[in-house]
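Quick note, the sequences are listed as chains A and B, same order.
For the first sequence, counting from 1, position 105 maps to 105 in this note's numbering; every step adds exactly one.
For the second sequence, counting from 1, position 243 maps to 1243 in this note's numbering; every step adds exactly one.
Honestly, I wouldn't trust all of these hints.
[As the list claims (entries may be wrong)] Derived list of chain B stretches under chain A, where covered just means 3 residues or more per stretch with a C-beta under 8 Å from a C-beta of chain A: (1) 1250-1260; (2) 1263-1275.
[Said to hold, decoys possible] DMTMM-like mimics (lysine to aspartate or glutamate), calculated; alpha carbons at most 25 Å apart, straight line: (3) 1200(B) <-> 8(A); (4) 1147(B) <-> 1324(B); (5) 105(A) <-> 1466(B); (6) 1174(B) <-> 1223(B); (7) 1027(B) <-> 35(A); (8) 1128(B) <-> 1326(B); (9) 1051(B) <-> 35(A); (10) 50(A) <-> 1196(B); (11) 1428(B) <-> 35(A); (12) 50(A) <-> 1262(B); (13) 92(A) <-> 54(A); (14) 1149(B) <-> 68(A); (15) 1128(B) <-> 1441(B); (16) 1128(B) <-> 1470(B); (17) 1051(B) <-> 47(A); (18) 1128(B) <-> 1012(B); (19) 1009(B) <-> 1441(B).
Please keep in mind that the hints were generated in silico from the structure rather than gathered at the bench.
The C-beta atom is built at its ideal place from N, Cα and C for all residues, glycine as well.
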Amino acid sequence: MKPYEFKEHTADIIARAYGDTLGEAFAAAARAMFDLIASGAEIRMVEEHKIEVESIDIEGLLVTFLSDLIVLHETENMVFDQFQVTLDGDRKLSAVCRGEKFDPKRHGGGTSVKGVSYHLMEIEKGDNRGPCHVQVLFDI
Amino acid sequence: MAWHGPIKKVDDCRFRIESDYRSDAMKKVDLRMRVPGLIYADQRMFDQIVKDNSPDQVANVATLPGIVGFSFAMPDIHHGYGFAIGGVAAFDADEGIISPGGVGYDINCGVRLIRSALDYDDIKAQVKPLIDAMFRNIPSGVGVGGKRKLSRAEVDQVLVRGAEWAVSEGYGWKSDLETTEENGAIKGGDASVVSENAKKRGAPQLGSLGAGNHFLEIQRVDEIYDSVAAAAYGITHVGQVTIMIHTGSRGCGHQICTDYLDTMRRANHKYHIPLVDRELSCAPASSEEAQQYFTAMKCGANYAWANRQMITHWVRESFEQVLDEDAHRLGLSQVYDIAHNMAKLEEHEYEGRARRVYVHRKGATRAFGPGHLAVPQQYRSVGQPVIIPGDMGSASFLLMGTAKAMRETFGSTCHGAGRKMSRTAANKMFRADQVRAKLQEQGIYLRAASRRGVSEEAPGVYKDIDDVVEIAHNSGIALKVARMRPMGVVKG
């Protein structure tokens, strides 16, 4: 079972992502985002990118982490499917992201994610799907 | 999450949320509405609007400092984040705020309408090759960039000079600039306040359609409501062929919004502005943070105008290739280009007082009336053209701005049909091949970059554009000029 699911929203799309730790839940949210972008196609582990993020709080950290991945997608033409996320308190995060170059033949036809919204965001201890969960709305 | 708050029906096209309304969120942070909310809708549409609780967002915006008059919602309103989509709010230039959420991620998402000297009968056999040529010549879809990769220095030029940069590089005609809002570049852009990430995202994407609800259409005029105004806009007869371009500032604008939402969240702490919703984050209009965002937003807007300008050029090239005739001889002149995601510093007379206000239009269109100096000279006697794109199976509208909109809504009106069904529900309900076949039955040829885009943008997911426009027309905040039906569509 995928560690994330999508929820209905009139104009955009909401992802709920789960993990044993908050870092895993963040990673699952990132996987959900690339599921949308690459239209659910398989993403191979060919390249590795490291990113470091700072913000003023945990919500800002999640938004900035995902936004920085969109930047990598659009500027380096990357799509990712595996993330090792390490949280250092509420204001610092580092992540190792594995994936490959976007291949229109295999990954094409997906959804363009314009931005990551704070709206309806949840970062909490989880429910029966996992000990931690995050909810994030993608502007598409 | 439906709306259960109190609402007062003002007349057949207006509903009012009184300023004594306090939602749970407002009670929690002890915030009151500073002005009432005003929703443009008829009873039937209102019943649809309350389903997604967007009236609460209208009420939330009314709590922001310096808001003048009303927190407005246009008939195409639907649930956004912070600000509803279809929302208009004017904030006093001295006492008010500026908020990136009131503009949205796609800064200067907008619409351009091109007319022609062609008639439906002239080209009906060539719609398919014309759409195929446009699909080939204009990059669209996810992960597909523009044909011209810009250098960093060129990006900086685009951010300041907008559509004029594109014309100077050979994309389109000088006359296009005269019929573009702000002549295709808002003055005061400064590339130094735009992040490297925004420039990096923008550099490879200029001159591309993107995905989502963006499209190119070949249309034919199927009804003219006001022949005098239509003639002023160069629309002369039923059957006349027009072309519509709907896209925005691509990754460049999205990143500017992302960057400044972060800046504004920090500013919010600094200036102690209490918020009912985090997505309303903002800063005092005169603060450094707000002014920096406003400058960066101008850059995003200018990028979008350059984008639509380059696409216009390739649309003309496509027609030239297929019809083997010069674009000038085909009469492919621009009617107008208008933004529907933007904040602007404007002067308005409101309730007898001259006011300088930052008008935020998020999914709303400027609709300046006759005589306004911002309206191109050739249209000034009738008012500014307002372009309202519909879904790919129905119709789009050309309207004109009115004196009433100037008095009532800071010169603003609706921007489109507005979604009523989520994308996930649309994916379950509509299959791309069925949508395509249905359109084909209606004589509409579709080329799309993705099947998913076709399902998610199926005609049934939007409100009825005729209803939306009828409310704008009946309330007088824009008047109908002409309706155009699609003949062929390119979807991102």
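Comparing the hints with the structure gives:
no.: 1; hint: 1250-1260; verdict: holds (count 5)
no.: 2; hint: 1263-1275; verdict: holds (count 3)
no.: 3; hint: 1200(B) <-> 8(A); verdict: 32 Å, violated
no.: 4; hint: 1147(B) <-> 1324(B); verdict: 23 Å, holds
no.: 5; hint: 105(A) <-> 1466(B); verdict: 39 Å, violated
no.: 6; hint: 1174(B) <-> 1223(B); verdict: 30 Å, violated
no.: 7; hint: 1027(B) <-> 35(A); verdict: 39 Å, violated
no.: 8; hint: 1128(B) <-> 1326(B); verdict: 19 Å, holds
no.: 9; hint: 1051(B) <-> 35(A); verdict: 29 Å, violated
no.: 10; hint: 50(A) <-> 1196(B); verdict: 18 Å, holds
no.: 11; hint: 1428(B) <-> 35(A); verdict: 17 Å, holds
no.: 12; hint: 50(A) <-> 1262(B); verdict: 22 Å, holds
no.: 13; hint: 92(A) <-> 54(A); verdict: 5 Å, holds
no.: 14; hint: 1149(B) <-> 68(A); verdict: 21 Å, holds
no.: 15; hint: 1128(B) <-> 1441(B); verdict: 14 Å, holds
no.: 16; hint: 1128(B) <-> 1470(B); verdict: 32 Å, violated
no.: 17; hint: 1051(B) <-> 47(A); verdict: 45 Å, violated
no.: 18; hint: 1128(B) <-> 1012(B); verdict: 43 Å, violated
no.: 19; hint: 1009(B) <-> 1441(B); verdict: 41 Å, violated
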